[in-house]
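*Asks:* Each chain, letter by letter, is given below.
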Amino acid sequence: MNLSFPIPLLVLWFGTPDLAQAGKRLIFLHPVDIAIIAIYFAMVLGIGFYLKRYAKSGEGFFLAGRDMSAWVAGLSFISANLGALELMGWAAATYQYGILAAHWYWIGAIPAILFLALVMMPFYYISKTHSVPGYLQLRYGESARGLAAVMFSCMTLFMAGIDMYAMALVMKVVLGWNIHFSIWMSSLTVGIYVALGGLFSAIFNEVLQFFLIWLGALLVPILGMIETGGWHQLVARIHQNFPAGNYTHLWGPLAHFSTNPMGIHWTGIVFGLGFIISFGYWTTDFLVVQRVLASKTVHAAKMAPIIGSYFKMAVPFIVILPGLIGLAVLPYHLVPEKVAIATGQHSYNELLPLMLARYCGPGLLGLGITALIAGFMSGMAGNVSAFATVWTYDLYRPFMRKGASDDHYVKVGRWSTILGVLVSIGTAYFVMQFSSIMDYVQALFSFFIAPLFGTVLLGMMWKRTTAAAGFWGLLAGSASSVAMFLVVKFNPSMLAYIALSSDAKPMAENMYRALWSWLVCVIVTVAVSYATKPKPVEELTGLVYGCTELPSEGHLPLWKRPIFWAVISAILFLILQWIFW
Amino acid sequence: MEPKPQDVRSGGNGGERSVAVDQEDSKPHEHHMIPVWFFVGVILLIYGIIILGTGIYEFHDPPPTVLANTHPAIWWGALLTAIGGVYVYIYKPKKS
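Going down the list, the protein sequences come from chains A and B.
So for the first sequence, our numbering puts the first residue at 1; every next one is plus one.
So for the second sequence, our numbering puts the first residue at 582; every next one is plus one.
If we strip away everything but chain B, and leave its shape as in the complex, we get:
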């Protein structure tokens, strides 16, 4: 980690705060910002669950799309759920 010049890093209000954006930044901070990856995880997890649920429903009522027999909603929904779940787990906000 390279040193961060104070004149560049500090805010216009005297550098009273510093924020972490992702876990590459290991410096101690006065206020911890929720990492962007957590938000990514949340939305992918929600979308994954919705699409996976839709895919299960489609076993009874398949959509009139090409390759519907491969059940893309099932495996794509599962993929989104897995990615989202991993991101939420790893980057969930920690109690200070």
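So here's chain A without its partners, still in its complex pose:
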């Protein structure tokens, strides 16, 4: 679910069959580029075959033996989130909206990642859960676990299928590849290496993909800055090319809904994105949390997201900066997809491939395309490995076959990986036939993630929260989100009430819908908690703040303490806000 933030944008940009009908081909690969891509596929499959021997137990297959260092878990944590569509989608978004897009990498990520590391990760880790729904079972019981597991499994597979379809469309337009070839080749490769090596294989390949994404994409901003002559010249050229736009300020244009192209107010960014959506995604989406659960110690589990926060903060240099460079150096203006189809011009979503073609000759081009493929595969592997774990441990084991051997559950995990990939492929073909469904399915995930954050947060922080309250709060929050979505769908004028302004645009709707659904979840959870009987305190040990003895870090030197590196990360985050204010 690496696309949870830019969902509406990416659907609009990549999710329409018009893109595939454009008949354009942006990049022509040379034999050396093909060789580089082929070597990548051989390497990821080779790693999967090598790691099969280490993934024979449940702990090995589903949690990589809980033996990952902070660095491995941290890089994997970020890589699973760094999908190819995110790279291309946000580069395109930057061309359209300017540096506002960086909010999704900074305020939309850093505070939540640091909160996960310092506050929530110790409870996930100490509780020895295999998954986020597993934590809900320990805290609230089977009903909350079942509800969360079913919603997560369905949404994960739908999202994987949609990502797969969108990526195949991009490959068709960019490289001229057959859409069926792209879908089957990339997804089966992911399916094979995850089924063989489980989370070991997913994490190893994600670390590999992390390096390829960075080294494949970093050349564009470097050469772009050389061409423009530095930041100040870049800004000057953007103002020269687009005198009416404000593309280089983060917060200034957010004073009112009507003063920025996203149609959003700063309260929506701070509270909707920065608090609810961001915290919901980074602290409860099992796709990313699973990587950190594989850490070898509580200390490593806290350090992993903090390490990841530094790299997440740097991602705008390979995503946002190319968008700004495109505004400065391209001799023509990019246009919306529908206009591009009608007029033959280039669209926003072709920005990153155009920049690759502008700067990268043979070999480097292959590396850049490999970065995009690696991004897709890391996101896909994240989805299927998380699905396999939740399906096996949170649905199959408790509800279908209790008490089987560890070997049996590993076999189920391997087969559910393959099954997950096949269902995702089926979803991709389904979406190909009914592309309008993408808007709804993408929205479905956002229905779930904000209330889940309320449920997990209250469960961890307030010992009075009861089992019934956890279930009904999650259900009420998700139902309220669906209701708000449907109300706006059938009566668009209601958006003015949900987003608090008649100038609000769909992006603002997502932020405020998340905020209200979280509030509904919290209010219902608190109300039901007071009306029902809480668990005895002794049953909450290891699960709830105040009932759990957390490992002391007082004996560590300052520079080895997670809080030290988290504070530096937070200071860097604030400096970036100030620089680009």
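It should be emphasised that the hints constitute simulated quantities derived from the structure, not laboratory data.
Fair warning: there could be bad hints in the mix.
Cβ-Cβ distance ranges computed for the label pairs, FRET-style [unchecked claim]:
#, chain 1, residue 1, chain 2, residue 2, range
1, A, G229, B, A659, 20 to 28 Å
2, A, L188, B, A663, 30 to 38 Å
3, B, A663, A, A404, 35 to 43 Å
4, A, F28, B, A663, 50 to 58 Å
Here the structure is a predicted model, which is why all the values come from computation and not from measurement.
For each residue, glycine too, the CB sits at the ideal point set by N, CA and C.
Guided by the hints, dock chain B onto chain A, whose structure is given.
*Replies:* Showing chain B alone in chain A's frame:
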């Protein structure tokens, strides 16, 4: 290095094996897993050599890209080769 609780660390097959993922883990292991950094080094080294070779060839046949005169394939290929070489050297599997 913090102690690792046995009930968390051991596998479902009775904790019969333990693996090293990178060199932060200095505990003795029954089976040594090749560190992930070695795989990273191998692919970067291969890519670096290929791209460096392409860059040398481009002295005779420069690509029609912006800033081709700065020969990015040469210095980027050299960078990948250097990073990959260092990783392969440091993390190459050792004979037990």
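*Asks:* Each of the hints needs a verdict: does it hold here or not?
*Replies:* Here is how each hint holds up against the structure:
One distance hint, 20 to 28 Å for the beta-carbon pair G229 of chain A and A659 of chain B, holds here, with the actual separation near 24 Å. Checked against the given bound of 30 to 38 Å, the beta carbons of L188 of chain A and A663 of chain B, roughly 34 Å apart, stay inside it. For A663 of chain B paired with A404 of chain A, a C-beta distance near 50 Å fails the hint of 35 to 43 Å. Here the CB-CB span from F28 of chain A to A663 of chain B is close to 30 Å, at odds with the stated 50 to 58 Å.
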